[in-house]
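Student: Sequence:
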Amino acid sequence: MATTNERRRLRIGVDVGGTNTDGVILDPSALASPEQGILAWHKTPTTTNPSRGIVKVINTMFNEAVIRPEDITSVTIGTTHFVNAVIERDASRLTRVAVIRLCGPFSKHVPPCIDWPDEMRELILGYYALVKGGLEVDGNLISDIDADEIKTHCEVIREKGINSIVVNGVFSPIDTVERQEERAATIISQELPNSYVVCSRDIANLGFIERENASILNASILPFAQKTIRSFQDPIKKLGLTCPVFVTQNDGTMLSGEMAARLPIRTFSSGPTNSMRGAAFLESGQLSQAVMVVDIGGTTTDVGLLQANGFPRQQAAYSELAGIRMNFSCPDVKSIGLGGGSIVKKDDHLTVGPDSVGHRLTTESVVFGGKILTATDCAVLANPELNIGHVGLARGSLSEKQSREFQQIIRIKLEQIVDKMKTSPEDIPVLLVGGGAILAPRNLKGASKVLTPKWSGVANAIGAAIARVSEVVDIVKSTESKKTRELLDEIGRMAVEKTIFAGALPSSVEIVEKDTLPLPYIAHKNRFIVRAVGDFDFANHHRDQSIVEVYEDDEASCDGMEEHQRQDENTVVKEKRDNIAEVFNILDYKPKVKNRVWYISETDVEWISTGCYILGTGGGGSPYSFMVRLRNQLRDGATVRVVNPLDLKDEDQVGCGGGIGSPTVGIEKLSADEILEAQEELSNICDRSATHIIALEIGGGNGLQGMILGASNNMNIPCVDGDWMGRAYPTKWQTTPVVFNERSPIWSPIAMTDGNGNVVLMPKAKSDLQVEKTLRAALSQMGSHCACAESPVTGAETKRWVVEHTISQAWRIGRGVARARKENRVDNVAETIIDECGGPGAGKVLWKGKIVGVERMLRGGYAYGECLIEGTDVRDHSDAIRGTARGSPFQGTIKVPFKNENIAVLRLRDDGKQELQQDVLAIAPDLITVIDAQNGEAIGTPEYRYGLFVVVLGLAASDKWTATERGVKIGGPEGFGFGHLAYTPLGKFIRPKSVIDEYDEK
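The UniProt record's numbering numbers the first residue of the sequence shown as 1 and each following residue consecutively.
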């Protein structure tokens, strides 16, 4: 025991949950003791004002243990306060935001917040401006910023009374030289003193729309965050504590009070992470592998995979909050409606949850004298030794049969959610934490062992108390003069230095995550992501780092943070949204087709976009930004027309256009007018004008380009329901006009533009292969993402060469995915897609499982690699509670090699020899696509990541590819460099059913 004069260095951790506020006091010097350094703990119902609960928890712990205020070195708090303000659309806590984009000519067609729900956009976005600035992927300037231009917009922002401003620059996360965002922020701060300025590079990484969305939410909540953090600090000081106050962030590390008040969005998902980190601490030294943490609270059960490095597995790509798509770091956590307060109903069959009494458990649960039967009551009946409430009050509530059924329901619910989160079929240790852990059985199928550590009921507060410091370096580097390993070491040192600067103890910092992503079409360029973590250096901490400055007019509102009247969003917008949600029915929806012309609606665009990415076979890039652009064109009054290729006249002229280049560049440098400029430049060297337009490929973002071009004011022509690939291919010579070879070259003359004033014209070429080589060479010098315009072909040629009705096919696929989601049957979305594409004979579910390995390399500008997927059952059986339909037909492992697009599905089997033999389940030109088993969305090859739960789908290729030896040679295994494998069709191609034929009003 410490002497009277000896000062201890204790930490307090507090987690404010939806049901309870939990707290612990931890002594880091006593971690090896039987109590693991836990000196005191307390749990109290969460109050409307979280500050009161925090004070009550700390006061109670101080009274229970002999602790002096000067012994406390830190208080770390996990809170849902900020995320709840967004989810609830609380207008009293969200402020209006202005956005300054440093983008030059780019992104003009996708303005800020255009993809937001109407009511959120009306509530938050107050002004935006697109100004000079932005970088290319190689660090060259799109243009430099213009200080006078920024000052002009600051004057408008001042007049509108907006005090929160976001600065978002193209490729700003890799801007280590120009520092455009920081320079612009300095100008804004000088022009608008006392304003809140957010630089997007501080919020998230590559992904222009998603980073901007997260930055806007962060800026909107900044004033409230500043007051809230101050409201946390003030009671701490009143308790006699002079230590800093920290706040936990999404990845299990902590932010200083100053940083949390500046970057509150980093705290949005910290609750589940705290529990997982706390569980890792409680079992430290006993487990050396990844474990599954099951946190059972009062209302929900949150399950996440804790990696061997002690940190939660993060989500693969994008996250969504309140209908807003973002890309900031979030733990990959699945939740189900099961907790100690879950309401138990006794109808024909026993049901548990998802409704819950929540924080009213101690007043409404039967064992506490209430009248509502809860999961806690049933657990106490089954295990009276739990000594919770008064078991006598619950006796007779369940029969013995019902009690057994209750335990079986709990077991199956937990087994299913654990199985969904596993990354391999092998059993994995499971840690039970949370106040509701009493519900869980002591063994679960799929768990090598089930552990309930001491103090598990306050693991979330422990996770807050032990939070560490973390920083990430996400950067693009050249590999021309240095090897990848050398660059990783160099970037690792950068991450370590950044973490030490953030306050970490130098001797404790370690690298916990490394990732390398080659950038397609960009010579010698890789994207590197390195994360470092370390313990906070309390000895060298300067107290003013965690003090939040609050302006004088905010001082009164900081004292106590009393509950205030919540202000809803615009009532008219809210009613409009509710009416749309209530009226729209997928089964009743009919597209508008009149006189053999399909007039595209916003619903059509969303469904077609989903279908395009699935038809992209892993390539083509995400259609998301193009979907938003096309939807915006419709809202601005454009008419998007689609016609059946079979209705074309022989003399019609069908033009073609679309993007070419790296999908990674496409998600950051959003389109300017390059696709229109390419058409204009082509007209200067081509003697034919287009009467119709067609997409080069239906797969990926290019699947929408024909409609975008056709609906533009410059062209205003119909788009043909078809394309030249029926999928996505990596090269321009892998198209059906080249297959037919009726004239060569087909793709000249041709024009390529970059949207920033640079043009390549190729009036003449020897072959389509030479066209490809020339454009690829120029591409890397023009920003690695451009637009092309191909010379028109006749209507007669189009009818012979086109892959028919692929826009219709994409629409049907998207409709099937949307319907599966709405009817909560995403588990069989692959089967739904096959039905929309002609039925079982036209496609197959090739595999269901989890990605357990991804290897990538860059050759000749293309991203080569392979993805390993272990078979497992991804279905969420509705009859699982009855104990039926268990097991998976997909046993073993498959390999999916890719060259931008997926090439084949090869089954690996061990025949007893040293090497693995390969069975071909499917191969190009048949379509092979990988979709997310949880939401039905396509997963592109750049998004393949260890641990993703996926379904591999195969669809028969168009007979335009398979009917001739030349078609198979160009579009099949040999065209991808896999000539040692033979093509065998996986099914019989069925021509997609035309939407125009089905829905024409006549």
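Each hint should be verified, as a subset may be incorrect.
30 Å max Cα-Cα, derived DSSO-like pairs, lysine-lysine [stated by the list, open to error]:
(1) Lys238 x Lys345
(2) Lys498 x Lys514
(3) Lys498 x Lys43
(4) Lys420 x Lys371
(5) Lys822 x Lys422
(6) Lys514 x Lys822
(7) Lys371 x Lys43
(8) Lys371 x Lys56
Since the hints were derived computationally from the structure, they do not count as laboratory data.
Small disclaimer: the values here were computed from a predicted structure and weren't measured.
Student: Now look at each hint and say whether the structure bears it out.
Tutor: We went through each hint and held it up to the structure:
Between Lys238 and Lys345 the alpha-carbon distance is near 46 Å, which puts this suggested pair outside the 30 Å criterion. About 15 Å separates the Cα atoms of Lys498 and Lys514, which keeps this hinted pair within 30 Å; it holds. Proposed proximity of Lys498 and Lys43 is contradicted: the alpha carbons are some 36 Å apart, above 30 Å. For the hint linking Lys420 to Lys371, the alpha-carbon distance of about 35 Å lies beyond 30 Å, and the restraint is violated.
Of the supplied pair hints, the one linking Lys822 and Lys422 holds, its CA atoms being roughly 26 Å apart against a limit of 30 Å. The straight-line distance between the Cα atoms of Lys514 and Lys822 is roughly 37 Å, outside the 30 Å bound, and the hint therefore fails. With a CA separation close to 24 Å, the supplied pair Lys371 and Lys43 stays within the 30 Å bound. Proposed proximity of Lys371 and Lys56 is supported: the alpha carbons are some 28 Å apart, at most 30 Å.
The structure fails to meet hints 1, 3, 4 and 6 from the earlier list, while all remaining hints are met.
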